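Enquirer: Each chain, letter by letter, is given below.
There are 2 protein chains.
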Amino acid sequence: MTATPRYAEDYLPGQVFNVGSHAFSAAEIIAFSSEWDPHPFHINEEAARQTMFGGLIASGWHTALVMMRMMHQGGFLSLETSIGSPGHEELKWLRPVRPGELLRGQVVVNSVRISKSRPEMGFVNNTATLTNPSGEVVYSLTSNAIIKTRAG
Amino acid sequence: MTATPRYAEDYLPGQVFNVGSHAFSAAEIIAFSSEWDPHPFHINEEAARQTMFGGLIASGWHTALVMMRMMHQGGFLSLETSIGSPGHEELKWLRPVRPGELLRGQVVVNSVRISKSRPEMGFVNNTATLTNPSGEVVYSLTSNAIIKTRAG
Chain X
1 MTATPRYAED
11 YLPGQVFNVG
21 SHAFSAAEII
31 AFSSEWDPHP
41 FHINEEAARQ
51 TMFGGLIASG
61 WHTALVMMRM
71 MHQGGFLSLE
81 TSIGSPGHEE
91 LKWLRPVRPG
101 ELLRGQVVVN
111 SVRISKSRPE
121 MGFVNNTATL
131 TNPSGEVVYS
141 LTSNAIIKTR
151 AG
Chain Z
1 MTATPRYAED
11 YLPGQVFNVG
21 SHAFSAAEII
31 AFSSEWDPHP
41 FHINEEAARQ
51 TMFGGLIASG
61 WHTALVMMRM
71 MHQGGFLSLE
81 TSIGSPGHEE
91 LKWLRPVRPG
101 ELLRGQVVVN
111 SVRISKSRPE
121 MGFVNNTATL
131 TNPSGEVVYS
141 LTSNAIIKTR
151 AG
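Quick mapping for you: the protein sequence lines, in order, are chains X and Z. Heads up: the first sequence runs through residues 1 to 152, numbered per our numbering. Heads up: the second sequence runs through residues 1 to 152, numbered per our numbering.
Bear in mind the hints are in silico, worked out from the structure with no lab data behind them. Some hints here could point you the wrong way.
Subject to a maximum C-alpha distance of 20 Å in a straight line, what follows is the list of computed SDA-like cross-link-like pairs (lysine to any residue) [said to hold, decoys possible]:
{"id": "1", "chain 1": "X", "residue 1": "148", "chain 2": "Z", "residue 2": "140"}
{"id": "2", "chain 1": "X", "residue 1": "148", "chain 2": "Z", "residue 2": "55"}
{"id": "3", "chain 1": "Z", "residue 1": "148", "chain 2": "X", "residue 2": "54"}
{"id": "4", "chain 1": "X", "residue 1": "148", "chain 2": "Z", "residue 2": "49"}
{"id": "5", "chain 1": "Z", "residue 1": "92", "chain 2": "X", "residue 2": "54"}
{"id": "6", "chain 1": "X", "residue 1": "92", "chain 2": "Z", "residue 2": "55"}
{"id": "7", "chain 1": "Z", "residue 1": "148", "chain 2": "X", "residue 2": "86"}
{"id": "8", "chain 1": "X", "residue 1": "148", "chain 2": "X", "residue 2": "119"}
{"id": "9", "chain 1": "X", "residue 1": "92", "chain 2": "Z", "residue 2": "140"}
{"id": "10", "chain 1": "X", "residue 1": "148", "chain 2": "Z", "residue 2": "51"}
{"id": "11", "chain 1": "Z", "residue 1": "92", "chain 2": "X", "residue 2": "96"}
{"id": "12", "chain 1": "X", "residue 1": "148", "chain 2": "X", "residue 2": "74"}
{"id": "13", "chain 1": "Z", "residue 1": "92", "chain 2": "X", "residue 2": "86"}
{"id": "14", "chain 1": "X", "residue 1": "148", "chain 2": "Z", "residue 2": "53"}
{"id": "15", "chain 1": "X", "residue 1": "92", "chain 2": "Z", "residue 2": "49"}
Since the model is a prediction, treat every value here as computed from it, not as a measurement.
Next up, chain X with everything else stripped away, as it sits in the complex (with noise of 0.2 Å):
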């Protein structure tokens, strides 16, 4: 949350967010899976070392949620005027999450629509990733944040 809320004319294109990092673990991983996404590889370290990840990793939709309250925390999205997304365009689980790694997560904007049919109303295109130590990018979203404008 912002201190003063970001309205949709707030957003500039080619702004950058940083919004914050997170190291998963092991536990945390395996707690989140065995309720979602069982895979072996996500919930079993004995197991996750006989796939081809070799050991354990997140489950691509935990590190979602995690980038997800990152944009939440990190100042990217107010609460008092982010109304959601209608989707994505791209979501990709570029590499392997694993436990320890601390990953930096960034907003980029990629540009700026204030609604023609409801003025109230605009959208903010965005690229959302994390990073990880290597400087690699393992998790990269791309979607529509609708955001209300001064005129909502």
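Since chain X is already given, all that's left is putting chain Z on it; use the hints.
Expert: What follows is chain Z alone, placed relative to chain X:
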């Protein structure tokens, strides 16, 4: 989980899997979203009534996870052969999901391709949907599942 593992060659274009159903409770929506996606319309019934949604709705990420779990539990994926996914072609949150609505999950196989360079794996392109009691699709995800072949 299926009784017998399903390999890439076992998926057929046009094949339909009815993978189960789920109705979100208000408490479930609030608990999940408070942790991951705290928009007012996901975490507070009173605040949600003041928004354009007119009431509490599930986080789209929560909806996506319920679909993922259905794909595991409903027999579309076999834990022995499923290797995950590189991401999505298309993810759409088409309509708000409200507490108590029974959502039915379905997965349709679009195409199956065995990798030429890595014949031990195949790409099962599929579209997964959740449909509400009015027959409206509320969520749609098109993605490639990476599945082991019998050669794997």
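Enquirer: Keeping to a limit of 20 Å between CA atoms, is the pair of residue 148(X) and residue 49(Z) held or broken?
Expert: 17 Å, holds
Enquirer: Taking only the CA atoms, is the gap from residue 92(X) to residue 140(Z) under or equal to 20 Å?
Expert: 17 Å, holds
Enquirer: Just to be careful, I want the Cα atoms of residue 148(Z) and residue 54(X) compared with a cutoff of 20 Å; is the pair within it?
Expert: 16 Å, holds
Enquirer: Would you check the hint for residue 92(Z) and residue 54(X), treating anything up to 20 Å between C-alpha atoms as holding?
Expert: Judged against 20 Å, a Cα distance of about 33 Å means the pair is violated.
Enquirer: Against the 20 Å threshold, does the CA-CA distance of residue 92(Z) and residue 96(X) hold or violate the hint?
Expert: Not OK: residue 92(Z) and residue 96(X) at ~24 Å, beyond 20 Å, violated.
Enquirer: Given the hinted pair residue 148(Z) and residue 86(X), is their alpha-carbon gap at most 20 Å?
Expert: At roughly 33 Å apart (the allowed maximum being 20 Å), residue 86(X) and residue 148(Z) break the hint.
Enquirer: Are the Cα positions of residue 92(X) and residue 55(Z) separated by 20 Å at most?
Expert: Since the Cα atoms of residue 92(X) and residue 55(Z) sit roughly 32 Å apart, the hinted pair is violated (cutoff 20 Å).
Enquirer: Next pair to validate is residue 148(X) with residue 53(Z); report whether the Cα-Cα distance is within 20 Å.
Expert: Distance of about 14 Å is within 20 Å: holds.
Enquirer: Does residue 49(Z) lie within 20 Å of residue 92(X) when you go C-alpha to C-alpha?
Expert: Judged against 20 Å, a Cα distance of about 34 Å means the pair is violated.
Enquirer: Are the Cα positions of residue 148(X) and residue 55(Z) separated by 20 Å at most?
Expert: 18 Å, holds
Enquirer: Holds or violated: are the alpha carbons of residue 148(X) and residue 119(X) at most 20 Å from each other?
Expert: Holds, at roughly 9 Å.
Enquirer: Just to be careful, I want the Cα atoms of residue 148(X) and residue 140(Z) compared with a cutoff of 20 Å; is the pair within it?
Expert: 25 Å, violated
Hints 1, 5, 6, 7, 11, 15 from the list above are not met by this structure, while the remaining hints are.
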